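2 protein chains.
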Amino acid sequence: MSQLETAMGMTIAVFDKYAKTDGNRQTLTKAELKTLLEKELPNFLSSGKDKDAIDKVFNNLDENSDSQVDFKEFVIFVAALTCCCHKYFEQKAAK
Amino acid sequence: MSQLETAMGMTIAVFDKYAKTDGNRQTLTKAELKTLLEKELPNFLSSGKDKDAIDKVFNNLDENSDSQVDFKEFVIFVAALTCCCHKYFEQKAAK
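Sequences listed follow chains A and B, in order. In terms of my numbering, the first sequence is residues 1 to 95. In terms of my numbering, the second sequence is residues 1 to 95.
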């Protein structure tokens with residue numbers, strides 16, 4: 001597998017790992033998303049001291065307001081986050 | 001690094017690897033995108049026998065029509081593709 005295929009496969013694997021822990025295996029509940037963010041992006045939630053952060057993230061992700069985050073909603077979130085990281089590294093490299 | 005952080009880092013690394021080969025290091029030209037797709041997603045272009053495939057992909061990706069694909073445009077493309085792969089594996093698993 002190429003580097004890009006590996007990255008895509010890993011994103012799918014991460015979603016599936018947490019989505020399968022309860023109820024619908026195709027979607028993340030708020031509890032599943034919280035675990036995912038805590039384990040996979042440990043600096044993401046803890047960087048702010050906002051206690052409602054998880055609710056805000058969840059509500060933003062749950063575009064169709066069905067209280068579940070599906071893969072499409074998740075992958076758009078990861079894309080937006082990757083975009084922010086890329087900008088950060090670009091600015092760092094430019095200094 | 002967590003699995004998700006690694007996947008995000010790999011996506012950034014792939015883009016930067018091909019974007020830096022000519023001209024603007026922050027964007028992919030059509031030639032750079034072609035090389036990226038050929039090397040990183042070898043089955044993507046060859047699966048169809050459409051000779052204009054690369055032009056179609058490029059024009060779709062180049063949202064602001066500046067003849068350059070920037071990181072944001074690229075990452076949305078990867079997200080859409082990952083979504084398709086996820087659907088495919090889901091259907092396969094359901095059988």
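Heads up, some of the hints might be wrong.
Intra- or inter-copy, both count: the list cannot distinguish identical chains.
[Stated by the list, open to error] 20 Å max Cα-Cα, derived EDC-like pairs, lysine to aspartate or glutamate: (1) Lys92 to Asp16; (2) Lys39 to Glu90; (3) Lys87 to Asp52; (4) Lys72 to Glu5; (5) Lys92 to Asp55; (6) Lys92 to Asp52; (7) Lys34 to Glu90; (8) Lys39 to Asp66; (9) Lys72 to Asp55.
If you're looking for bench data, these hints aren't it; they were derived computationally from the structure. Predicted model only: the values in this text are computed from it and were never measured.
Tested hints:
1. Lys92 to Asp16: Close across copies (14 Å), not inside one copy (33 Å); limit 20 Å.
2. Lys39 to Glu90: neither (26 Å within a copy, 24 Å between copies)
3. Lys87 to Asp52: Classified as neither: same-chain Cα gap 26 Å, cross-chain 32 Å, threshold 20 Å.
4. Lys72 to Glu5: Both: 17 Å inside a copy, 18 Å across copies.
5. Lys92 to Asp55: Answer is neither: 31 Å inside a copy and 33 Å across each miss the 20 Å cutoff.
6. Lys92 to Asp52: neither (30 Å within a copy, 38 Å between copies)
7. Lys34 to Glu90: neither (29 Å within a copy, 23 Å between copies)
8. Lys39 to Asp66: neither (24 Å within a copy, 39 Å between copies)
9. Lys72 to Asp55: within (19 Å within a copy, 26 Å between copies)
Hint violations for this structure: numbers 2, 3, 5, 6, 7, 8, all remaining hints satisfied.
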